[in-house]
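Chemist: Taken in order, these protein sequences are the chains called A and B.
Going by this note's numbering, the residue at position 259 of the first sequence is 305; the numbering climbs one at a time, nothing skipped.
Going by this note's numbering, the residue at position 96 of the second sequence is 136; the numbering climbs one at a time, nothing skipped.
Source of the hints: derived by calculation from the structure; they are not laboratory data.
C-beta: ideal position from N, C-alpha, C; glycine also.
Mixed in with the good hints, there may be bad ones.
Unchecked claim - Here are the simulated distance ranges between beta carbons:
#	chain 1	residue 1	chain 2	residue 2	range
1	A	T169	B	F194	25 to 33 Å
2	A	R301	B	S81	21 to 29 Å
3	A	N141	B	G64	44 to 52 Å
4	B	R270	A	A291	44 to 52 Å
5	A	H115	B	L201	30 to 38 Å
Claimed, not checked - Which bits of chain A does chain B cover? Going by a derived footprint, with three or more residues having C-beta under 8 Å, they are:
#	region
6	270-276
7	289-303
What follows is each chain in one-letter form.
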Amino acid sequence: MRKLALFLLAISIVFTGCSKQSAQKKETIPTREVTDDLGRKVNIPLKVNRAISLAPNLTENIFAVGAGHKLVGVTTFCDYPAEAKSIQKVGDTINPNMESVIALKPQIVFVSTASQMEAFTKTLEGNGIAVFVTDPNSLDAIYRNMEQLGEIFGTQDRAAQVTAEMKARLSAIREKVGGEAPVRVFVQISKTPLFAAGRESFITEMIEYSGAISVTRDIPAAYMKLSDETALAMNPEAIIIPAGAGNEDPHDVFRESAAVKNGKVFRVKADLLMRPSPRIIEGLEEAARALHPNSFK
Amino acid sequence: MRTEAAAAKNRGLKIGAILLLALGLALIAAILLGSEKLAFSDLSEQQQVILFDIRMPRIFLGACVGAALAVAGAGLQSLLRNPLAEPYLLGVSNGAALGTMLAFVFFESYEFSRPIFAFTGAGLATFTVYQMARSRMGMNAERLVLSGVIVTTFLSSVIVLLTSLLDATKLRSFTFWLLGDLSQATKNGFYLTLVVGIIGTLVMTSQARALNLMMIGERDAFDFGVETGRVRVIVFATASALVGTAVAASGSVGYVGLIVPHMIRMAVGSDNRLVIPFSAIAGAIFVVLADTVARTAIAPRELPVGAITALIGCPLFIYLLKRK
Numbered sequence: 047m048r049k050l051a052l053f054l055l056a057i058s059i060v061f062t063g064c065s066k067q068s069a070q071k072k073e074t075i076p077t078r079e080v081t082d083d084l085g086r087k088v089n090i091p092l093k094v095n096r097a098i099s100l101a102p103n104l105t106e107n108i109f110a111v112g113a114g115h116k117l118v119g120v121t122t123f124c125d126y127p128a129e130a131k132s133i134q135k136v137g138d139t140i141n142p143n144m145e146s147v148i149a150l151k152p153q154i155v156f157v158s159t160a161s162q163m164e165a166f167t168k169t170l171e172g173n174g175i176a177v178f179v180t181d182p183n184s185l186d187a188i189y190r191n192m193e194q195l196g197e198i199f200g201t202q203d204r205a206a207q208v209t210a211e212m213k214a215r216l217s218a219i220r221e222k223v224g225g226e227a228p229v230r231v232f233v234q235i236s237k238t239p240l241f242a243a244g245r246e247s248f249i250t251e252m253i254e255y256s257g258a259i260s261v262t263r264d265i266p267a268a269y270m271k272l273s274d275e276t277a278l279a280m281n282p283e284a285i286i287i288p289a290g291a292g293n294e295d296p297h298d299v300f301r302e303s304a305a306v307k308n309g310k311v312f313r314v315k316a317d318l319l320m321r322p323s324p325r326i327i328e329g330l331e332e333a334a335r336a337l338h339p340n341s342f343k
Numbered sequence: 041m042r043t044e045a046a047a048a049k050n051r052g053l054k055i056g057a058i059l060l061l062a063l064g065l066a067l068i069a070a071i072l073l074g075s076e077k078l079a080f081s082d083l084s085e086q087q088q089v090i091l092f093d094i095r096m097p098r099i100f101l102g103a104c105v106g107a108a109l110a111v112a113g114a115g116l117q118s119l120l121r122n123p124l125a126e127p128y129l130l131g132v133s134n135g136a137a138l139g140t141m142l143a144f145v146f147f148e149s150y151e152f153s154r155p156i157f158a159f160t161g162a163g164l165a166t167f168t169v170y171q172m173a174r175s176r177m178g179m180n181a182e183r184l185v186l187s188g189v190i191v192t193t194f195l196s197s198v199i200v201l202l203t204s205l206l207d208a209t210k211l212r213s214f215t216f217w218l219l220g221d222l223s224q225a226t227k228n229g230f231y232l233t234l235v236v237g238i239i240g241t242l243v244m245t246s247q248a249r250a251l252n253l254m255m256i257g258e259r260d261a262f263d264f265g266v267e268t269g270r271v272r273v274i275v276f277a278t279a280s281a282l283v284g285t286a287v288a289a290s291g292s293v294g295y296v297g298l299i300v301p302h303m304i305r306m307a308v309g310s311d312n313r314l315v316i317p318f319s320a321i322a323g324a325i326f327v328v329l330a331d332t333v334a335r336t337a338i339a340p341r342e343l344p345v346g347a348i349t350a351l352i353g354c355p356l357f358i359y360l361l362k363r364k
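I would like the entire structure built from these sequences, with the hints used as guidance.
Modeler: Here it is, written out as structure tokens:
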């Protein structure tokens, strides 16, 4: 019993020693305050040199604003740009490995969902690591995200340039398809089970920029399992498939739809449509070209 | 004595007729209701497709799945003399689910590998639970339920392990299917469930007499000339086949095998010659109605039918327990 008590005492001394040390370190670094998408005030160092991204689109965005070399850890899902693949992996978006994250000594960790945040913020902030929550889910939010990232990494000019390019390319697309009647499309998120994107999904808003209107835009949900009957009755004029493993072909209920009969089934790489990053413009351009081939002649 | 038996028979026939009528009504309700309103007097071409190619196959598959699970439950409960014996609680469903998953991962292009693997998985799970529950002193109820829980949990963890190795798209189709989902069924899956369901119900009913005697005690049944070993193998194999095909077609629809035979027993007593075929009809009604809720409650979105059967089944079961 006494031995155990001594052991516990020893351990507690070691730990308090450690925490004191880290507390001292924290104070020596000057910090500034930034606000994340949840309205949380986050203290970050003046100059951020070590960052971790826990979402593939955030990784893309950080590279886009010219701060990719500051990333010391990413998820296994982060596969773009190619350089991201050689960065140390810290697990996937749903289950990041806390030990690996802390071992990499980041100054800031970018997370994309509130659920992630709740689980990890305490541990990370207890270790003097800032947690920045950002979940861009509209075009404006992507632009704002670029700005935020530019400010955090001190690459505002580059961020502004990327945003300007995105806006220019987007207005070029809108100019071409603006006069056309929007095509009634079904965006097939997954084939089995049949999943669609509803009102709260950003893809529903995005796809409208390519001269389309989603037939599932009024369903009050982000993503949902759609009834086969309703899918068939919707009879879309075109089907856009964010293509990936298991989601290459239209679901069987569309066999008799106008889209399939007229050969208007278009596959766009899922990463280009489903990741809120600058590459979404590429995806929209591809979709617009497919839906309105005459406007691009 | 004779008049009493005749009265019981009469009562049984009456209840059977009521059940068949209820099944008819449930099927009609299920056909009338759906996420799309159909103009039945004047069906457009598209509505015909919705009715005949989408809605009706799904309803009939639901009926077959419900019947199969209820018959498997009724048989297992009598054989094991345990009111808690249920495909889901005994690990049989999870065995079938794991089998189906393995078939999906390794033999995706062969559709029929799924029911075969599901049957094998269900059979292995049943056998394991039975062996674990048996001791020199025979088999008692606690041991059986405990073994079932252990095997179920073990299989669940293997399933979780497997799903974490799958990519996101496959994962989504699995999580939905694991909860019981009738919308992913294929025509072949339906025919197989229908054929196995009918044969399984007939085989299980053919063992009803023997099961009745075995409910008194295996020793006594043996003295009456029942080949208890043979009956056991037949009931286990039939239950595994029924659960295997049902799970391969629609995932794990829970509580059907538990709740349905109990309700039937409350109505007609414990004679398996009635309990088994009536459970088939009532199981079909239960799943058809539950799936109608799953299809229409938040239309055009859909819920997994297994969530509905559990949602109805749990409180109903508690109520029945209390009333008893």
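Chemist: With reference to the structure, classify each hint as holding or not holding.
Modeler: Structure-based check of all given hints:
In this structure the supplied range 25 to 33 Å holds for A:T169 paired with B:F194, their Cβ-Cβ distance being about 31 Å. With their beta carbons about 26 Å apart, A:R301 and B:S81 fall inside the hinted range of 21 to 29 Å. Distance hint for A:N141 and B:G64: a CB-CB separation of about 50 Å, consistent with the stated range 44 to 52 Å. Restraint check, B:R270 to A:A291: a C-beta distance of roughly 47 Å satisfies the suggested window 44 to 52 Å.
A hinted range of 30 to 38 Å for the beta carbons of A:H115 and B:L201 is consistent with their spacing of about 37 Å. Against chain B, the region 270-276 of chain A contributes 7 residues with a C-beta closer than 8 Å to a partner C-beta. That satisfies the three-residue criterion, and the hint holds. Here the region 289-303 of chain A counts 6 residues with a CB under 8 Å from a CB of chain B, which clears the bar of 3, and the coverage holds.
Violation of the numbered hints given earlier is absent; every hint is satisfied by the structure.
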